[in-house]
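Chemist: Chains A and B supply the protein sequences, listed in that same order. Heads up: the first sequence begins at 55 in this note's numbering, then just goes up one per residue. Heads up: the second sequence begins at 329 in this note's numbering, then just goes up one per residue.
If you are wondering where the hints come from, they were derived from the structure by calculation, not from laboratory data. Watch out, some of these pointers could steer you wrong.
Label pairs and their computed distance ranges (CB to CB) [to be verified]:
| hint | chain 1 | residue 1 | chain 2 | residue 2 | range |
| --- | --- | --- | --- | --- | --- |
| 1 | A | R343 | B | R584 | 49 to 59 Å |
| 2 | A | V204 | B | T416 | 21 to 31 Å |
| 3 | A | W272 | B | N389 | 32 to 42 Å |
According to the in silico footprint, chain B covers these stretches of chain A (three or more CB under 8 Å from chain B) [claimed, not checked]:
| hint | region |
| --- | --- |
| 4 | 100-112 |
| 5 | 187-198 |
| 6 | 338-349 |
Everything numeric in this text was worked out from a predicted model, so none of it was measured. We put the beta carbon where it would ideally sit given N, CA and C, even for glycine.
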Amino acid sequence: MGSQSLTAPPPALPPRATRRRPVSIRGSLRELVQARELTVNLVRRDLKVEHRGTFLGMLWSLATPLLLVALYYVVFKFIIGAHPAVDKPRPDGNDVPFALYFFAGLTVWNLFSNSLSRSTTSVTSSGYLLRKVYLPKAILPLASVLSSLVTFAFEFVVLMVAVLLVVGPPSAQLLWAPAIVAVALVMAYGLALLLSAVNVFLRDTAHFIGILLQLWFWATPVIYSLQFVAKNPGVATLLKLNPMTGVVVSLRNVTLLDRGPELGLLAGDLGFALIALAVGAVVFNRSQRLFAELV
Amino acid sequence: MALSAIACHDVWKSYRVYHEPSHTLKEKVLFRRNRYEEFWALKGIDLEVPVGSTTGIIGANGSGKSTMLKTMARILTPNAGYVEVNGTMASLLELGIGFHPDLTGRENVFLSGSLLGRTRRDVAARYDEIVDLAGIEPFMDVAVKNYSTGMYARLAFAVAVSVEPEILLVDEVLSVGDEDFQMRCYDRISEFKAEGRTIVLVSHAMDSIRSLCDRAVWLEEGALREAGEAHDVVASYLGEVHGGPSGPSEGPSEERRFGSGEALLTDVVLLDGTGRSTSTFRTGEPLVVRMTYAAKEPLPNVLCSASVYRADGLAHLLGQNSRSRGLVLELSGRGVIEFTVPELPLLKGAYVLSVALHDDPVTKIYDWHDRAYSFFVVDNPRLPPEAGMVHVESRWRTWTGDPRAAAAPPAPEVRSAS
């Protein structure tokens, strides 16, 4: 077999018509499902790297929320001394310490906020992978969201133990919790896709998101209640437009206050979450072909 | 034709070369358009890699080899055209397969395994084999950021081959590591070939390409220059690199040429045994130098001489003139002189040839082309392997008893008896 020259010298101009096989969203979704094990390993990587070199290791995930609850308890009971704004009592009339009231909302807020801050840099910090191997890129923000879910699980366990000890056994309303968390996860993943992709092209995003999350925290009734602002209808309406409001209020209701979720607000949040997911998926999908070159 | 493991269809890939990369908002807003140039790294590559073949990609730096490999690995997405891949694939690019610097070797093995599509259990079953191949057992629980380049490359190679992909893409891995590791690499790649897997490798080491690959692809400035049997493609690549285009010779440059000019060598070509003009030859096969002369006046008693040097000029390997072989020329008008080496004794390497016309006791030089013609010698697969610069016909004998009994040895050969 002799040598064969397969092509003529290169044409001088790049092609005008581009024939490219686009990555379909459905194809990406299939890849995502196939890469389950890889996703698990990436979550494991995130957690390992985070706790690398620490003496307590994964125990920190448990220790941090425990210390936080203790701290809030001391601060609100003995220092601030107030019993502010827990104006929706439990049906059984049990007393709810403000520290737990705050912590109940904080768990799901942390889930959301950690997801966004971790995932925004999830693509840009994975250059070592993207330049070396092919992988379904959408699992990078997914892994960030899921590692935040692991952190959340620890906090949630601490919350429920504290509720059980201090307030009383939870009711069947607790069964709503997975659905509420699911709404938060969908919203977080949708925004994570969007932010992680945008951050590749505009590194300011990572800085911007830190400030935004601070603002967003105070615009969400985590440390105060919806009733607290009810006197001012303008602010109340604004708060209800915040897609995290329904999630936080509902999770607090079902875990701590023995009440049902705010279904109206939650439905709105779900709507927002699905739109965020759709927009995030489209933006991510269209831009991912450039990731390996730009990170 | 058999199914292709990888098929590239009219693949174009460009990079934007930013003069000053801007990734921040300020720059995006202030200078709305980034100043950049489009650099086309691949210009319409059509290429098929048959299943079970070992293909080498060769070319100068910046010719698009690594971009080609990354596009095949689906790490880069082409601007136009597409790449089809049939089979599971592992790639070993720039010595890495995506190790996380903060994780230990052991943890990275499992992470990379799943990146390459293997389950945890699969990797666990092969773990010992991986550690054994990498040969860095004491360091498996050390974070890879503390590894040396060699250790890193060893582990990466071990993981990539141990997940047993159907297609393996390798970029320059063979150039790192010590002798021992390189031997292991060769062995493992040979096993891979024997198992019928497909390998694509990029290398500047033409020896590895020749010994490992059955096919080669030569890229030049992002375009396919030549594809075919590895030996042939490497030969023409080396021919061009070491000898310029192997076509009609353009003659030596001014500083390499001197002489009084009564007679000139107007054209000098190097031919192989079939009379084809080339600059690549094989050990033990003919080398023919055909020179055309033009004499301005009749000149009696002219000698033609030829010398061969190693390309670095440090060794003078051959030097003779036509009289020593029974030819004294009488030049007038135009004519041809041919110098033939029927069995080239030079071994693999780059060489350079001088030719000259001068009178008999070398008092007058008419035209001297000093080290003006480069050529390359490649291994001849028909000859036994041999080190050094020259091929020598030889015999080896052995007997027991009197060392001086060579006159009547119980030698199996009788050739010396005549």
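Chemist: Against this structure, judge whether each hint is valid.
Modeler: Verification of the supplied hints:
1. Taken as a hint, the range 49 to 59 Å holds for the pair R343(A) and R584(B), whose Cβ atoms sit roughly 51 Å apart.
2. Here the CB-CB span from V204(A) to T416(B) is close to 30 Å, well matched to the stated 21 to 31 Å.
3. Between W272(A) and N389(B) the beta carbons are some 56 Å apart, a value that contradicts the proposed interval 32 to 42 Å.
4. Remark: the region 100-112 of chain A is confirmed as covered by chain B, as 3 of its residues place a Cβ nearer than 8 Å to a Cβ of that chain, reaching the required three.
5. Using a Cβ-Cβ cut-off of 8 Å, 3 residues of the region 187-198 of chain A lie near chain B, which meets the minimum of three, so the contact claim holds.
6. Coverage of the region 338-349 of chain A by chain B holds [criterion: at least 3 residues with CB-CB distance below 8 Å; count 4].
When held up to the earlier numbered hints, the structure conflicts with hint 3 and nothing else.
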